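Sequences listed follow chains E and U, in order.
Quick note: the first sequence uses the working numbering, first residue 11, plus one each step.
Quick note: the second sequence uses the working numbering, first residue 47, plus one each step.
These are calculated hints, taken from the structure and not from any lab test.
Please note: incorrect hints may appear among the correct ones.
Here are the simulated BS3-like cross-link-like pairs (lysine-lysine), alpha carbons at most 27 Å apart as the crow flies [to be verified]:
1. U:Lys315 - E:Lys86
2. U:Lys137 - E:Lys102
3. E:Lys243 - E:Lys102
4. U:Lys201 - E:Lys142
Chain E residues, not near chain U, derived (Cβ > 10 Å throughout) [what the hints assert, rightly or not]:
5. Ile105
6. Asn124
7. Leu134
8. His225
Some chain E residues near chain U, calculated using beta-carbon distances under 8 Å [what the hints assert, rightly or not]:
9. Leu81
10. Val83
11. Arg87
12. Ser90
13. Tyr107
14. Ile114
15. Asp115
16. Phe118
17. Thr128
18. Pro132
19. Arg139
20. Gln164
21. Asp226
Everything numeric in this text was worked out from a predicted model, so none of it was measured.
Ideal Cβ positions, reconstructed from N, Cα and C, are used throughout, including at glycine.
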Amino acid sequence: MLYKERKLTIIKKVVHVETGDDTVIEINNLNVDYFGNPVLESIDLNIPLGYSVGIIGPNGAGKSTFIKALLEVVKKRSGSVKIEGADISGWKRRIAYVPQKNDIDLTFPITVRNTVLTGTYPGLKLFRRPGKKEMETAERCMAMVDISDLANRQISNLSGGQLQRVFIARALAQQAELFFLDEPFVGIDLVSETIIVKLLKQLREEGKTVLVVHHDLHEVEDYFDKIIILNKKLIAFGDVKDTFTTENIRSAYGASLGNVIIKGAGDGHD
Amino acid sequence: MINALSGWLDIPVYALNAGLSAVILGIVSGVLGSFIVLRKMSLMGDALSHAVLPGVALSYILGINILLGASLFGLLAAILIQFITSRSNIKSDTSIGIILSSFFALGIVLITFARSGLDLTHILFGNILAVPQSELTQSFIIMLVVIAIITLLYKELLISSFDPVVAKAYGLRTGFYHYLLMTLLSVVTVSSLSQVGIVLVIAMLVIPAATSYLWTKTLFHMIVLASAAGAVSGIAGVILSFRYNLPTSATIVLTGMALFVISFILSPKNNFLGKGLKTK
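Make a model of the complete structure from these sequences and hints.
Set out below in structure tokens:
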């Protein structure tokens, strides 16, 4: 039964790649408040699966909150989030979430290896401990982001880039279908960025969905298939080449700032 | 068995009971305390250990099991603290202060009201010279239960302590593990009544765990070393207090503190000496 369902999902996905509909994250009338102040207002959005999607917008636009609300880490005032028609709660174990680095307690006594190993926890039943198979998964994922030599280090003794690779490796270890990343490129070195970008592209080629909160407007066209432009409300959503325009950026960032930021990046498309 | 052991070791039964119960308390509070410290809940732990007082009093008055009364009030306090914080802009340290003191006050009123054989000073500061056999057994069982629960749910407790946001994101019910730890904390407070009493139990939860934290880089090692530090300060405290006629609970705590100070200075992870030289 389960196997059959799985097979069906795979078939569905192939169909979607050809026709571009059906399998989506369906967001209806999403509203989020923070102590009575609206952070996100009436967002309606269908994000098709199987693409890499960037979320951009000015500081305080609610980009991180958007991801957290999808995952029910922060409370919604109203709205529903469904994936392939089913409530997202059934999907959570198949969604790997990489929060911002400063959301994580780096002083916790845990090594790089054990941090990556926690990525296998969502796939393990209650009372079950990670075994040989999970250990191997962790080793493989560490190798993929080139941190195997740091395996026994405590996570407080890492550079920003190394740390981000650890959390990417943890997300990989979850063997998820969807990847939600919150500002993965902030404060990291070029080597780490190159490794992570390559991996995200690889995931997308394997048919995974990659949703990334992106802190600036550089490389947007190179990194993503589609973008969501947010500023409390949904400003625009669509393919990068149609959506990443001066006009849209201006309405999200404000007229003067929009001009400065967009210069050189999106000029060819408006 | 205790009697035989006492005869063989040539020490009085009450002293043996005192030593054993101090070791048991040291181990169990090291295990639980590691999570309390890592979850930044030291203040919360202090509040809960005080908040069980009305539960202890009511259990005596109504003749029900003291563990039941204490965990009920401990859990109630945890829920109320959470409730105040979530339903107002009052910060959690303030709501902890409110609940801690009012529950404690209620306990004092109830104990005075009961006017039974309940001795307030013994509950507050412990009375390790009078640990009955039944209580020793009870502490031992509590220790086994706490270790069993933490072993079984180790993965869930680790991830909900280390990265609660990610834990929640993949669907773990982090609230459940919070209240589970709060319940265990209330139960352990009861088991510590005779040794250190309500007022100083937080020291047993926090000091050995903090000491161990300075030396270790994995959670498992931290738990093991914290238990060892707890047991060592427990037994050393009992011996010192017997020999020099000092109040046992305070001596246990100060022994633990001595271990902490040594660790603070010598631990390579803390690098106190290195830092000290650099600033000069």
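Each hint tested on the structure:
1. U:Lys315 - E:Lys86: violated (42 Å)
2. U:Lys137 - E:Lys102: Not satisfied, since the Cα-Cα distance of roughly 31 Å exceeds 27 Å.
3. E:Lys243 - E:Lys102: holds (25 Å)
4. U:Lys201 - E:Lys142: holds (15 Å)
5. Ile105: violated (7 Å)
6. Asn124: Nearest chain U Cβ is 6 Å from Asn124 (chain E), so the label is violated.
7. Leu134: Violated, because the least Cβ-Cβ distance between Leu134 (chain E) and chain U comes to about 7 Å, which does not exceed 10 Å.
8. His225: holds (19 Å)
9. Leu81: Status holds, d = 4 Å.
10. Val83: Holds, because the Cβ-Cβ distance from Val83 (chain E) to chain U comes to roughly 5 Å (cut-off 8 Å).
11. Arg87: This interface hint is violated because 15 Å lies over the 8 Å limit.
12. Ser90: violated (17 Å)
13. Tyr107: Cβ of Tyr107 (chain E) sits 4 Å from chain U, so the hint holds.
14. Ile114: At 6 Å from the nearest chain U Cβ, Ile114 (chain E) passes the 8 Å test, so the hint holds.
15. Asp115: holds (7 Å)
16. Phe118: Hint on Phe118 (chain E): holds, closest Cβ of chain U at ~5 Å, below 8 Å.
17. Thr128: At about 5 Å, which falls below the 8 Å cut-off, the nearest Cβ of chain U leaves the hint on Thr128 (chain E) intact, so it holds.
18. Pro132: holds (4 Å)
19. Arg139: holds (6 Å)
20. Gln164: holds (4 Å)
21. Asp226: violated (23 Å)
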